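J.: Sequences listed follow chains A and F, in order.
Residues in the first sequence are numbered from 0 upward in steps of one, following numbering that gives the first Met the number 0.
Residues in the second sequence are numbered from 0 upward in steps of one, following numbering that gives the first Met the number 0.
Hints were generated in silico from the structure; no laboratory data involved.
Please read all numbers here as calculations on a predicted model, not as lab measurements.
Hints are supplied without guarantee of correctness; some may be wrong.
Covered by chain F, according to a simulated footprint, are these stretches of chain A (three or more residues, beta-carbon under 8 angstroms) [as the list claims (entries may be wrong)]: (1) 54-66; (2) 72-78; (3) 226-233.
The C-beta atom is built at its ideal place from N, Cα and C for all residues, glycine as well.
So you can see what is in the structure, the chains are spelled out below.
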Amino acid sequence: MVLLVGTGLRLLLAPLTSQYDPAIFGESSATMALGGGPYTYLIVYPTDWVLVLNLIGRTAALFLPANALVAAPTAVLTLGLTLGGLEPTSYPVPLVALLEKGFVLLFDLAMAGLLYAIVQEWTGDRLKARLVFAAWFLNPFVIIESGVHGAFDVIPTFFVIASFYLWYHDRPLSAGAAFGLGVMVKVYPLLLLPLFGAALLARRDLAPLRRAMSVLWFGLGTAGIVALSLWPPGIFQQYLQIVGTGPSVGESHGGFGPWSLSAFPGLGGWRRWLFLNTAPVALISTVIAFGLVTLFAVYYARRAPAGSWHAPLTYAAIGSVFAILLSFSVAQPQYLLWILPWLLLAAIVERRFRTVAAAVTLGGSAFYVIGLAGPLYLVQPTAIFTHWISFSLIDAAVLGSPTYGPWVELVTTVSVFLLLVYAALQALRRLRRPTAGGVVVAA
Amino acid sequence: MRLDPVRLVQAVIVLFVVALLLSEGLLYAPGARPRLTVDQSFRALGGGQLALYTNASGSFAANLAQSVFALTQPSPPTEVYYYYDSNYPVSYSSIADWYGLTQHLSVVASARGLPFNLTIVDAAGLAGLLRQPPRANTVLMGPWIRLGGTLVWAGDTLGRYEGTPIAPGASFGKLIPVPNGSARFLPGIQVGGTGIVYSNRSAFSDAVYLAYPYAIAGGAFRTSEVQAANGRVLGYLDGSWTNWAAFPIGGGTIVDLAAPTYDVVRLSFSLVNLLESGAWTPSSTLVGISAFSVTANAPYSSVALLAAPGAGMHVCAFSVEVDYLAPFASRSCD
């Protein structure tokens, strides 16, 4: 029933909804189906996601002409212009939307299965394992991400968790490959490198030589994936040029991170400074995020008991990902998918985290229903492209109110920011408490 | 049978890697990537006539437009200067789009294999550029155009510019245009129109695929005035108004796109098509337009008879795929 309902909801929503990112994905797929290269259409994602988009475009082109994979009726152009360039000017046709979101759905299923396996192992309780499966697969925020937004953050997050899972099941080559895939789909897993380092060191149950060999196999697995992804001549340079050029295609600040504070009235000068200094700001925030993750990693490496990885790793991961979200220069709503699986794992065994998981679900969903994603970033409303309804117009009316619009946006983003701070502190408290065995008793 | 979750996770990894390999094969294996080829060549037939031979084939269904121009300069421009200065406010655009357009232009030009050198200049750099050859007067743009330069203006109405930089620490701010800015560029030309998205394409827009339908209400040109000024209607039409026009100014040209620049994807393709066709100058003559299609099983061939160009003129054929996001175009001259 969970499978049926979760899949059915996603498949119902997928073909007829769109948003800024699905428009970009559709345009990238279409460009490659029309003979373009992987970065002929400017897109800021690493190569493996672009390769997936190529598959989607080429699959769709088996059924439709390549020049019909995206649609851009005059009404869409007019809406885009009316909202000051804050709306996409095309949308993927239903088949393309279904294929892209269908691919993401597969990883929603894989993630649900992985969480099931981990909880089963962690608690020995099949009911809890089923609960976490349902909690993920029927999570409204996850359904919105997969079925409407088509955000693919579940894919790198699956590979991150899979990497840890395989590492602790003595499959270092697969674990390294999973980590490599996570990075080559979306770069954020690189920020978790200290945590991976701690996990590698925490295997005190392995003899030193065997541990060293395992680390080597992990490295080979990662290197193999990176080589597979970057072998075409010039591809890495193209990618670097797109993401590294000043206030570039992927520039943004805000969302619900600390930079959301720049949404306060009267701080226009600061917002301008942030934009003009995108590159150094991103670099500094990356260093801060990396440093904070390293702190969690050190805690984890020093305190994780041998052979019982579930609880300490989960809390260290929660703290680490929150640290990234709270320090990074941009924190879009779909980034909450980086933390939600870990939160659900913790919530199954600890009541304290159930509130946080619920709040992240509600807060993330609210971003989409009322289209608030931070002061400098693009408005990302839920949009249904039929001739008789569009939430975009509702969002435009809400946000267009000169009195309330800016405050609604600010309150939402700052609220989620504060919530994440609370959750990160909870994770830190959990991490400092010594753990025993494989089960953590709910406080 | 109990499923081993470790093996299942490994299976997901393997399947994903297989998908990546398949995708790479579709992109990089010889003959696997969708391709489109158009060969265009001219042959003199004598008696003041030329023949244009066109052969097109492809692995997917594509719609193309072919335009033939007689023009003095057969090569598209290779040096393009792009004004961007974050110290000044933005109008009918955003700071991100203002900068981002440069990246899109470079990528589209690169995909076409065009020898296209895009140089970003700020306000000081622009002044330095316009002072070539060196002159003492403070009015820079008009003399530079008259000496043969081409100004392409997009965003707010032609001539609405801000002369005062944003104060340090201030927000992006709203543009406060200098008085009578428009009159400095095209005195006597009236602008108007009410639409913001036009639906009908002009002949030139069809020929060269300038697919940018947006407009600034009150900033468009009346087609009759464009023609009266010996200019050329380039863009979309809304009744008697057009959003894009070129005007001869002495030895040079003003090309004005009276439209917001939010849609950088469409704008980049349109601008590159305009530059690659080399035919934005009103002195060029549109000799002919045709539209054709190819599919995987149906290539295209044609021979067109043309009058040979006059002395000092060349004739060039420009074929472009008229589908949104299609990267293909080809240009050949006699």
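J.: Could you run down the list of hints and mark each one as holding or not?
T.: Structure-based check of all given hints:
Beta-carbon proximity to chain F at under 8 angstroms applies to 6 residues in the segment 54-66 of chain A; the threshold of 3 is reached and the given coverage holds. Taking a C-beta to C-beta cut-off of 8 angstroms, the segment 72-78 of chain A contributes 3 residues in contact with chain F, enough for the three needed, and the coverage statement holds. Figure legend: the segment 226-233 of chain A, annotated as covered by chain F; annotation consistent (3 residues with Cβ-Cβ distances under 8 angstroms, at least 3 required).
Against the hints set out earlier in the document, no violation occurs for any number.
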